[in-house]
Amino acid sequence: RVQLTLQAALVQFDALAQQPRPDTLYIGSTNVDHWLPEFGKANVLNIDLPNPTVSLWMSNHSVVAPHFDFPSNLACVISGTRQFTLFPPDQLSNLYVGPLDLTPAGQPISLVNLSRPDLKRFPRFEIAEAQGFTARLGPGDAILIPSMWWHQVEAIGDLNTLINYWFRDPAGAEHHGPPLAALQHAMLAFKDLEPNQKKTWQALLDYYVFNQDPAQFDHIPKAARGILNPIDQSLGQTIRSTIRRLLR
Numbered sequence: 001r002v003q004l005t006l007q008a009a010l011v012q013f014d015a016l017a018q019q020p021r022p023d024t025l026y027i028g029s030t031n032v033d034h035w036l037p038e039f040g041k042a043n044v045l046n047i048d049l050p051n052p053t054v055s056l057w058m059s060n061h062s063v064v065a066p067h068f069d070f071p072s073n074l075a076c077v078i079s080g081t082r083q084f085t086l087f088p089p090d091q092l093s094n095l096y097v098g099p100l101d102l103t104p105a106g107q108p109i110s111l112v113n114l115s116r117p118d119l120k121r122f123p124r125f126e127i128a129e130a131q132g133f134t135a136r137l138g139p140g141d142a143i144l145i146p147s148m149w150w151h152q153v154e155a156i157g158d159l160n161t162l163i164n165y166w167f168r169d170p171a172g173a174e175h176h177g178p179p180l181a182a183l184q185h186a187m188l189a190f191k192d193l194e195p196n197q198k199k200t201w202q203a204l205l206d207y208y209v210f211n212q213d214p215a216q217f218d219h220i221p222k223a224a225r226g227i228l229n230p231i232d233q234s235l236g237q238t239i240r241s242t243i244r245r246l247l248r
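Residue numbers (the working numbering): 1 to 248.
Don't take each hint at face value.
As the list claims (entries may be wrong) - Calculated pairs, EDC-like style, for lysine to aspartate or glutamate (alpha carbon to alpha carbon, straight line, at most 20 Å):
{"#": "1", "residue 1": "191", "residue 2": "206"}
{"#": "2", "residue 1": "191", "residue 2": "48"}
{"#": "3", "residue 1": "222", "residue 2": "232"}
None of these hints come from the bench; they were simulated from the model.
Hey, can you work out the whole structure from these sequences and the hints?
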């Protein structure tokens, strides 16, 4: 990993394009508002997205293995060609995902090579493949990748440029915690419990976290609901402080 100016990167892309078997040069997730503010001002997205994070991506030929992102993602190709292969979230067990904590860029990835899937090693991938979608995008094309959908991204060509907009819904979701961090803590807290304890905690999590009934806590006076209330900035800070104290 090295730091480059944009001009130096473009020179390298040009040099690599002259080689018969070039190395991969990959510039990922460059925050536009921070590093390229004038570019951002000159290229405003005329779609109302809730507080998007805008990033620029550049590479020659590269493949990012199937992974998921928690925010939804509107990805727009500027130059070159990008091929996206998407799988619904319910294909998790058929994608043979690698470890949670040993990853190329923070997100767990599928271990299947989509170009040459080894069906002896990964037989259930056939099920995922049947549920997959592939789209090849050129300059001016865009794709909306819903939250938690698995997607592989292949960049094709000597210089491939993409700008993407990550966003979370509803508005104010930035007050919430990162779900992947909660998953890792859940591994620490629940993974080695006895089966009956796991079953009880699963029921508690379903009741307090995953139940969608808005009237579930109506029996508790609103002023006494504490963290059962909708999470705003103040309550989010309170919960974070409590977690930090409990983890000491």
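Right, here's what the structure says about each hint:
Between residue 191 and residue 206 the CA atoms are separated by roughly 16 Å; this keeps the pair inside 20 Å, and the hint holds. Between the alpha carbons of residue 191 and residue 48 the distance comes to roughly 41 Å, so the proposed pair goes past 20 Å and is violated. Among the hinted pairs, residue 222 with residue 232 is consistent with the structure: their alpha-carbon atoms are about 15 Å apart, no more than 20 Å.
Hint compliance for this structure: hint 2 alone is broken.
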